[in-house]
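All chains, please: the whole structure from these sequences, using the hints.
Each residue of the sequence shown is one higher than the one before, starting from 1 at the first, in my numbering.
Since the hints were derived computationally from the structure, they do not count as laboratory data.
Be a bit skeptical, because a hint or two may be false.
Think about it this way: if two alpha-carbon atoms lie no more than 27 Å apart in a straight line, the pair counts; the simulated DSS-like pairs of lysine-lysine are [what the hints assert, rightly or not]:
| no. | residue 1 | residue 2 |
| --- | --- | --- |
| 1 | 167 | 75 |
| 2 | 167 | 209 |
| 3 | 92 | 46 |
| 4 | 50 | 224 |
| 5 | 224 | 75 |
| 6 | 108 | 67 |
| 7 | 209 | 124 |
| 8 | 92 | 209 |
| 9 | 108 | 167 |
| 10 | 92 | 50 |
| 11 | 108 | 124 |
| 12 | 108 | 209 |
Quick list of the computed label-pair ranges, beta carbon to beta carbon [claimed, not checked]:
| no. | residue 1 | residue 2 | range |
| --- | --- | --- | --- |
| 13 | 122 | 39 | 26 to 34 Å |
| 14 | 108 | 159 | 32 to 40 Å |
| 15 | 61 | 217 | 53 to 61 Å |
| 16 | 168 | 108 | 24 to 32 Å |
| 17 | 14 | 151 | 12 to 20 Å |
| 18 | 52 | 221 | 36 to 44 Å |
| 19 | 152 | 45 | 20 to 28 Å |
| 20 | 52 | 151 | 20 to 28 Å |
| 21 | 110 | 213 | 51 to 59 Å |
| 22 | 144 | 182 | 42 to 50 Å |
All residues carry an ideal CB built from backbone N, CA and C; glycine is no exception.
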Amino acid sequence: MLVNKLDLEKELLSKRRKFKAEAEILAEVQSIFTENDLVREQISQKLQQKSSTKPNQLNFDLLEADKIFHLEQIKSLCIEYRLRFLDSNIFKNEIPEEAISKIRMMEKAHNTSLEGFKIIAPSKAFHLLNYDDPLLFVPIGNNYFYLIHQWGTEMNPWRKLMVLPIKNLGNFTITSILLSIMIAFLVPENNLSKSVPLASLIVFLFAFKSIFAVFAYYFFMMGKNFNEEIWQRQYYNN
Numbered sequence: 001m002l003v004n005k006l007d008l009e010k011e012l013l014s015k016r017r018k019f020k021a022e023a024e025i026l027a028e029v030q031s032i033f034t035e036n037d038l039v040r041e042q043i044s045q046k047l048q049q050k051s052s053t054k055p056n057q058l059n060f061d062l063l064e065a066d067k068i069f070h071l072e073q074i075k076s077l078c079i080e081y082r083l084r085f086l087d088s089n090i091f092k093n094e095i096p097e098e099a100i101s102k103i104r105m106m107e108k109a110h111n112t113s114l115e116g117f118k119i120i121a122p123s124k125a126f127h128l129l130n131y132d133d134p135l136l137f138v139p140i141g142n143n144y145f146y147l148i149h150q151w152g153t154e155m156n157p158w159r160k161l162m163v164l165p166i167k168n169l170g171n172f173t174i175t176s177i178l179l180s181i182m183i184a185f186l187v188p189e190n191n192l193s194k195s196v197p198l199a200s201l202i203v204f205l206f207a208f209k210s211i212f213a214v215f216a217y218y219f220f221m222m223g224k225n226f227n228e229e230i231w232q233r234q235y236y237n238n
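This is how it looks when you write it as C-alpha cells:
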C-alpha cells in the first residue's frame with residue numbers, strides 16, 4: 001500500500017491555524033515591522049543631530065576589545081592621513097543602512113539608546129563651516145570611543161606619504177630643506193662656484209627661502225592648515 005508523502009508546509013500551516021488566526025498573525029508582524037521602521041528612523045535622526053558629549057552606558061562584557069580606541073590613537077590616525085574626527089550630524093554623505101542596523105543591534109544588546117556619534121573621514125566628506133572611507137564611533141567615557149561600523153572604499157595607502165609634508169610645521173620645513181638641497185646639487189658648478197667657496201650654500205639658502213615662501217604663501221592663502229591643527233575642526237579654511 002502506497003503512503004502519500006507528508007507535506008511539511010501544509011502541516012505547519014495547519015498548526016498555525018490552530019495557534020492564531022491569520023489576520024491576527026499578520027497584524028502582529030506588521031506591528032513588528034512598523035516598530036522596527038520607527039526605531040531605525042529615530043536612529044537616523046540621532047545621527048543627523050548635534051552629538052552629545054555624554055558617554056554611553058554599555059555592558060562591558062559585550063564589548064569587543066579590538067573596537068575600543070582612545071582619543072589619542074584617533075588623533076594620531078587623523079594627523080597621519082589628514083582626516084577629520086567630527087560629529088555625525090555634519091557628515092554629508094549617506095550613512096549606510098548596515099551601519100543603522102549595527103546601531104540597532106547594539107542598542108538592543110546593551111539595552112540602551114546610543115548617542116554622541118562621531119565619524120572619521122576626509123574633509124570633503126563633511127559639511128564644513130566657513131570660518132570667515134569613514135569610521136562611525138560612539139563615546140564610552142574617559143576619552144575612549146567604540147567603533148560601530150566602517151564602510152566605503154579602503155584608504156589609499158599612499159595618502160599617508162602624500163600628506164606627510166603638511167603634517168606639521170616641522171615636516172613642512174624639512175621638506176623645504178630637502179627640496180632645496182636637491183636644487184643646490186642640480187645647479188651646475190661654474191667658475192663662480194670655484195672662486196666663491198660658499199656658492200653652494202648661497203644657492204641652497206636662496207632655494208630654501210624661495211621654496212618655503214612660495215609653498216607657505218600658497219598653502220595658507222588657500223585657507224589650508226597643518227594636519228595637527230585641523231583634525232577636530234569644523235572649518236574648511238582653518
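If you test the structure against every hint from before, which numbers come out violated? 7, 8, 9, 11, 12, 16 and 17
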